[in-house]
Amino acid sequence: MNWVERTEHGDIVELKLARGPVNALDPALCNDLRAALVDALADGAQGIVLAGGPKVFSAGLDVPFLLSLGDDRHALILAWQAFFDAALALADCPVPVAAAIAGHAPAGGCVLALCCDYRVMALSPEPGKAFRIGLNETQVGLVAPEGIQRALRRVVGAHRAERMLVAGEMIDSESALRCGLVDEVTAVDDVAVRARAWLQQLLVLPSEAMLQTRRIARAELVEALQPQHIQLHRFIDAWSTPATQAALHALVAKLGK
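As numbered in the numbering used here, residues 0 to 256 make up the sequence shown, in order.
A couple of the hints might just be wrong.
Taking lysine to any residue pairs in the SDA-like style, the calculated list, with each CA pair at most 20 Å apart, reads [unchecked claim]:
id, residue 1, residue 2
1, Lys54, Arg131
2, Lys253, Ser67
3, Lys54, Val187
4, Lys54, Trp2
5, Lys128, Arg177
It is worth saying that the hints were derived from the structure and are not from the lab.
Let the sequences and hints guide you as you build the complete structure.
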């Protein structure tokens, strides 16, 4: 089964994460996303929309799956590497990518959004139940790798990123717009439409100049996601500590209620 759905809109291809109910990022979904990007580009896509599910864009890494791997360090490395490879594929995509965020985007979901050029996030239609986005790793005993922290700093600035990262803060759509974490907010049904509209504005520009300028402007993001700034083995060491494992098991228990 393929966990990414593809819809063509002329030169723009929408890739929708489709691993319900919350698009938890396991290796299969991450690998399918990379493959879908490759296929779309091979077929001539000039812009990509990355969409997720209703209410949840992506809940981040599939923690129950990762916990099921136990002490199998090799399997853990492969699983996390699949995620970081998917993030790098978005960051290094040769054509613009706009994220259509129709719901919550914690942790890995936020990372995928940060790797896109432009982020459109939905306003929740339910009063008092705002959609939220952020890197909440510290809440479960993890440290976001330096490369991921760089990606957030690049978008919101050093001081705001520090506050968000240290607290593991999840902010609502309007707060995300104010601090620059997202570029636009709109109704749930309009996020993909607005993402395509932004891409269409770019596609009328002289192509070579636009793409070369974009490549230069995004070089620091691509650099941030290189292995030396992720330090995956150190991250797996931290993942495996008793305190982190206890926090992760508590999280899964809470989500299961």
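Against the earlier hints, flag every one the structure doesn't satisfy and list their numbers going up. Hint check: nothing fails, all pass.
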